[in-house]
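Student: Chains as they are written, first to last, in our numbering: chain C, 187 to 584; chain A, 187 to 584; chain X, 187 to 584; chain S, 187 to 584.
Just so you know, not all the hints are guaranteed correct.
Which copy is meant is left open, so a pair is good if it fits within one copy or across any two.
As the list claims (entries may be wrong) - No farther apart than 30 Å at their CA atoms in a straight line, the calculated lysine-lysine pairs in the BS3-like style are these:
#  : residue 1 : residue 2
1  : Lys-191   : Lys-544
2  : Lys-566   : Lys-464
3  : Lys-464   : Lys-277
4  : Lys-355   : Lys-566
5  : Lys-277   : Lys-566
6  : Lys-566   : Lys-353
7  : Lys-191   : Lys-293
8  : Lys-572   : Lys-464
9  : Lys-293   : Lys-566
10 : Lys-544   : Lys-353
11 : Lys-566   : Lys-397
In case anyone wonders, no lab produced these hints; they're calculated from the structure.
4 protein chains.
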Amino acid sequence: MEGRKITMLGTGLIGDFYTMTLHGQRSRDRVEVVYSRTPERGQAFAERWDIPHSSTSLEGAVNHPDTDTVVVGLPNFLHEEAIDLAASAGKAVLCTKPLATSGEEAKRILDRVESAGVFAGYLEDLCYTPKTLKALAAVQSGAIGDVTWVRSRETHPGPHSAWFWDKDKAGGGAIVDLGCHCIKIIRNFVGKGNRPVEVMAWADTLVHPIKAEDNAVVLIRFESGALGQFEVSWTFRGGMDLRDEVAGTEGTIWLNHFLRTGSEMYSSGGGGGYVAEKLESTEGWLFPVGDEVAELGYVDMFTDMFEAMETGREPQETFYDGYIVNAIMDAAYRSAESRQWESVDVEWRGGVTPRISKDVATHDGHAIVKEEILPDGRRKLMLSDKDTGSVFDIVTES
Amino acid sequence: MEGRKITMLGTGLIGDFYTMTLHGQRSRDRVEVVYSRTPERGQAFAERWDIPHSSTSLEGAVNHPDTDTVVVGLPNFLHEEAIDLAASAGKAVLCTKPLATSGEEAKRILDRVESAGVFAGYLEDLCYTPKTLKALAAVQSGAIGDVTWVRSRETHPGPHSAWFWDKDKAGGGAIVDLGCHCIKIIRNFVGKGNRPVEVMAWADTLVHPIKAEDNAVVLIRFESGALGQFEVSWTFRGGMDLRDEVAGTEGTIWLNHFLRTGSEMYSSGGGGGYVAEKLESTEGWLFPVGDEVAELGYVDMFTDMFEAMETGREPQETFYDGYIVNAIMDAAYRSAESRQWESVDVEWRGGVTPRISKDVATHDGHAIVKEEILPDGRRKLMLSDKDTGSVFDIVTES
Amino acid sequence: MEGRKITMLGTGLIGDFYTMTLHGQRSRDRVEVVYSRTPERGQAFAERWDIPHSSTSLEGAVNHPDTDTVVVGLPNFLHEEAIDLAASAGKAVLCTKPLATSGEEAKRILDRVESAGVFAGYLEDLCYTPKTLKALAAVQSGAIGDVTWVRSRETHPGPHSAWFWDKDKAGGGAIVDLGCHCIKIIRNFVGKGNRPVEVMAWADTLVHPIKAEDNAVVLIRFESGALGQFEVSWTFRGGMDLRDEVAGTEGTIWLNHFLRTGSEMYSSGGGGGYVAEKLESTEGWLFPVGDEVAELGYVDMFTDMFEAMETGREPQETFYDGYIVNAIMDAAYRSAESRQWESVDVEWRGGVTPRISKDVATHDGHAIVKEEILPDGRRKLMLSDKDTGSVFDIVTES
Amino acid sequence: MEGRKITMLGTGLIGDFYTMTLHGQRSRDRVEVVYSRTPERGQAFAERWDIPHSSTSLEGAVNHPDTDTVVVGLPNFLHEEAIDLAASAGKAVLCTKPLATSGEEAKRILDRVESAGVFAGYLEDLCYTPKTLKALAAVQSGAIGDVTWVRSRETHPGPHSAWFWDKDKAGGGAIVDLGCHCIKIIRNFVGKGNRPVEVMAWADTLVHPIKAEDNAVVLIRFESGALGQFEVSWTFRGGMDLRDEVAGTEGTIWLNHFLRTGSEMYSSGGGGGYVAEKLESTEGWLFPVGDEVAELGYVDMFTDMFEAMETGREPQETFYDGYIVNAIMDAAYRSAESRQWESVDVEWRGGVTPRISKDVATHDGHAIVKEEILPDGRRKLMLSDKDTGSVFDIVTES
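Please take these sequences and the hints and turn them into a complete structure.
Tutor: Now the structure itself:
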């Protein structure tokens, strides 16, 4: 029942969410060291979460002798340096999303941890929400047949730290902040072995005085023919909208992770206190999520990571997955510029996926397009003529 | 309290829905003549709806002396001929969606009724659902600010007549059958005066043995910068999914017209009887819609048409609107082929719409990107540096 | 295609809703005369709805030669006089809910119209919502088996006119204002022939400075064993909550008529304009209903009434039904006082209903309580011992 | 980071849920010993959950030297003996719901652990669902004002073990199995210090061939005037319905724990595998819950229990709470028999709660019943006459 001993790099919102999870419920794991550039923030964080050591030295925090695992919760442009240090220290490293600011950088990071031989996990919480895990198991068991389309939507009124809004530090805007979640969710539902072939993106800065995009819609075409689609926005009003939809040849899945989860409250405005992330008001109809770190996947994510470490298997989400995400985002930005589909440039390890299958029945040699039972019990068949391809219908007795 | 006297052309599902509406509740209007190519279908329809005259002559039905209004409910490729006859007869003509099989044909139809000077209305029911009308009024009153994005989704397991599936007769597949609704809904929410500039489309035939597309996702960029997005499918499982979402700078709208409307039933399978259009089963959890012709907009649609005729105003949806829809669908098919954005070729009558407005406040000359109130009451400002555009934050007392 | 010519008695909120419906869509019916005690209100109403005649004489309005039908939309304590006048005039009379302020008064009213031989209809709109009509048809077709339990809930922040709050004028409080709807809904679902045997009620004045109850919960036991349950409140926060739930031996029905109907809007507060009845704000998350008079049942209600008149059949809801409602409310008030179950005193015309049926299978002579399929395919039977009645389980091969 | 070492008594469904939770995620706690009457079941359970010791001796299992905590997951009529043994062993004891088969037995159990001085916790999982905890915090912060009404509903198609159905072993039927949850939920929302004064119950056996009730509705009146209401059923169709609703003077809360939680799936029937507790089918529209043991409160429940033990505080739910639940159920059974309100007999430790408060504003000495803003900006006041109590309205300028 030994737990992990963790160095936490970064004290922003994500550091709080991570530590709340790591120290939550009956956990056996602990953050032992926290790093922040500014001593005040580091000390406040250490006090808030009862952490023994606080440091302003990145190298010192990573190499601290009390820890075996490094969690990177820093701004995107600082990931590579931190991961490099952890690899040198021979420690397990878990990095928040997105892995890097570009596919090229992500590939360098991937190569670094692979050559160092350290355990590396990609912290993509929304791939681990309990609803998503259950839905994924259903898809993998065949409950909805072959997946034809996945929609992932993440929108809210914008992030809480300045660097997110700064294209040069983040590597982009809403696509980088939010789209990285969506891409990973989509890939899991269409199948990790289903190669992302090409990408078409629309991106625009509609509301905020920034250089990065605050709205985007991106399409991803996969080898099987399946389409992934995501919508991201920093201008959404009403809270945080996190929804996924999956269509298959035999079924449908709809997941709502935040605003409509069976928890509804109307308040005339009294009380107060924290209700939910990204909420705009504490009055009127509100939709609080029960246990946010559990519902957003943080709990199952760290469980998977630590179990993977302890049993010598790969975690569900790896640095390779993070690299694919960055490569798809690169293609999205190229497409937004070129205004046409752009291919995804990636060193593919995932094998080959066949085309979505269509078992077509025939009648007198004509393919059956659709079959309906009429009120009188007879069958109506819509048939594609075997010679001309024109569609006609007939009615049969049984 | 005089009512309209109507010639109904066509006896398919849409003819039934139209006549059920026209004869519904306390209506003063009546179908007096029905036309069908096959006498049995025409007579059965006339009996079903208590209609005095049934005819197999298109010309005879249109010119019948007892009627003043012609409703076209025929397959797409027969619209032009029927409208031409009605225009010659000097009668009001209402045509089902889509107006034509191409923008060019739609333009000829539009010119024909305009030169004949007859009343012409475009029967786009889903623009008239009570929810949509109320939402539209809210948008027009400014309740959600400038519209930035509209999603319209229509998917089901496929139509009931052979000609829909036949590309040559319908002019296309799911885009033509379902996308025409979505386009019109999107145009109403972004504003009819907001010019559709260009279109990007993905379309594929994933499941059915047909030449037409059975799945498509289409993006439409409008002059204001707003994005329209629609998803259509003939391979959806679980019923009929009709949803619209609108995002604005000051608010959000979500409409669900079919599968989740506050009406839920679980049945172990007894009973039976019609529950809802496009339903796959009468067992398990079902989601019946109360009054389908009202919820799907048919009632308000005919009210608008007839009031427009009687008062000499334009209806909400005109043949010009139908023409724009066809032009956008043409661009979608070109884009699916060329794999890049395609401009919408149209004779535009709608004027000019300004860019989505952003009133940006400043602090010491730097644009305010976002403002948050901290727990201690102080304000955190994220600012875009007026010189460099990099984003930084400060905390102020008030 | 002749329409009805109507005298409208009363110009309150209900008069507006009725007239909006009667003049709505393509209706052939018209209000020709309106009565109000105060001439200003009558004239304003006549102008608002384009009504030719306004009168301050109840007798004059009822007897006006231009009308054939009288609609009573007056406060409860004025119903009897108005109905008496209409009966004397030999005109059809439709009365808003509740029929009277007590069962005794309701019985006198019923006797009066029956002896006069005039058409009489009970205007209980919520029994006619399209969702309710469809659900009722499903229940009657056997889709959910025998009904075991019905819950009807109507709550909002309180009515808009002073007389509702005054026990002496209304005949009670929230039970009379709201419970009359619930009772009628419950009776329809358990079956009109299912005699209401006895009633248990809790009622209290929790918030408002009035003598009438502002909250109540009432149980009704029916002859079949089914239980009806309703909750009414004038202290609900968040809008108007109108929900019905039905449980049967073979299924379940959940209806939501107002706050969750697939129409959702978030607004930061701009715009304005009417959104929905009993709404508390026009900011934050709002849940507008599409077409209120249609969704609340007014349209189908008047259609039923007028078709019944024209074809000589009874309407769905009669004065006899109104009388039963009053008798049940009387029992509820007695029970709230006596603190025990009170029988419903009524001249019953509905016949006899058998006990909810239980087809019990047996195994070796023991009744099967429940049967489950185990993961290995064997059957687990929970059995009630034929001699002792104790429950035990066995596992069988098939 | 020491964990608890647990003896698990019982290997039924609840034993599985408990152990799944105790061994779940990154837990530091472990079940070391399991007891079952039948050796096969005990061994299978031990293997399933990787537990070192299995025993058929209740005494041996409780006194096993490797454990410090005893969890009682046995049928109701075996609780007292097991708790007595744990008290004698001086070990912490956690008992599943309901605590006993009657209030008298519950009181003996309470006295036993109190005199022994051992830690005792009442395992009422549904009081710990993350949604409930968050809602409870909102209520306690004043967000919905004074609570006036709580509804708790738990219904499903019936339990999985024979003893539940046997009145003599369980102490009752659906009230004992399901109502114990509801009572505890209601008490938490109205406030634990709010004395349950009296109870009115309807109970009947409508469908199953058993002596115990399979349906019941129970009302609980609290000292503050608030009403608790619960509905339980073993005849519900469609899965498991777990919903709570809370009304307050300033707000409203609606919680849905199972069938509508933002997770929806349609399947044509392929795949298979466990979807959710009490599900009737794996085809059609399904509503899987993400992480059942977390959503149903098991995780937060054990965390509270063990943290309470470790810090020397009381757990949220104590044996005293279990005793109150039994006393209320006793009153319910008496009321179902006597057909009138029955007082709750209990040694009350909770103090006194004032009546729900109504701050009534006045105008010219008359109490204001309601105030509305008219479209022209003037105020309409409904006033209760200070002398007569009759209600009248006036319109004022501001």
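Student: Evaluate each hint against the coordinates.
Tutor: Hints, one by one, checked against the model:
1. Lys-191 to Lys-544: Intra 51 Å, inter 48 Å, cutoff 30 Å: neither.
2. Lys-566 to Lys-464: Only across copies: Lys-566 and Lys-464 sit 15 Å apart there, 52 Å inside one copy, limit 30 Å.
3. Lys-464 to Lys-277: For Lys-464 and Lys-277, the Cα distance exceeds 30 Å both inside one copy (34 Å) and across copies (45 Å).
4. Lys-355 to Lys-566: Answer is between: at 20 Å across copies they meet the 30 Å cutoff, but 61 Å inside does not.
5. Lys-277 to Lys-566: Classified as neither; 66 Å inside a copy, 37 Å across copies.
6. Lys-566 to Lys-353: between (58 Å within a copy, 20 Å between copies)
7. Lys-191 to Lys-293: within (28 Å within a copy, 46 Å between copies)
8. Lys-572 to Lys-464: The answer is between: 27 Å across copies meets 30 Å, while 56 Å in one copy does not.
9. Lys-293 to Lys-566: neither (55 Å within a copy, 36 Å between copies)
10. Lys-544 to Lys-353: This pair counts as between: shortest inter-copy Cα distance 19 Å, intra-copy 44 Å.
11. Lys-566 to Lys-397: Between copies, since 20 Å is at most 30 Å while 57 Å is not.
Hint violations for this structure: numbers 1, 3, 5 and 9, all remaining hints satisfied.
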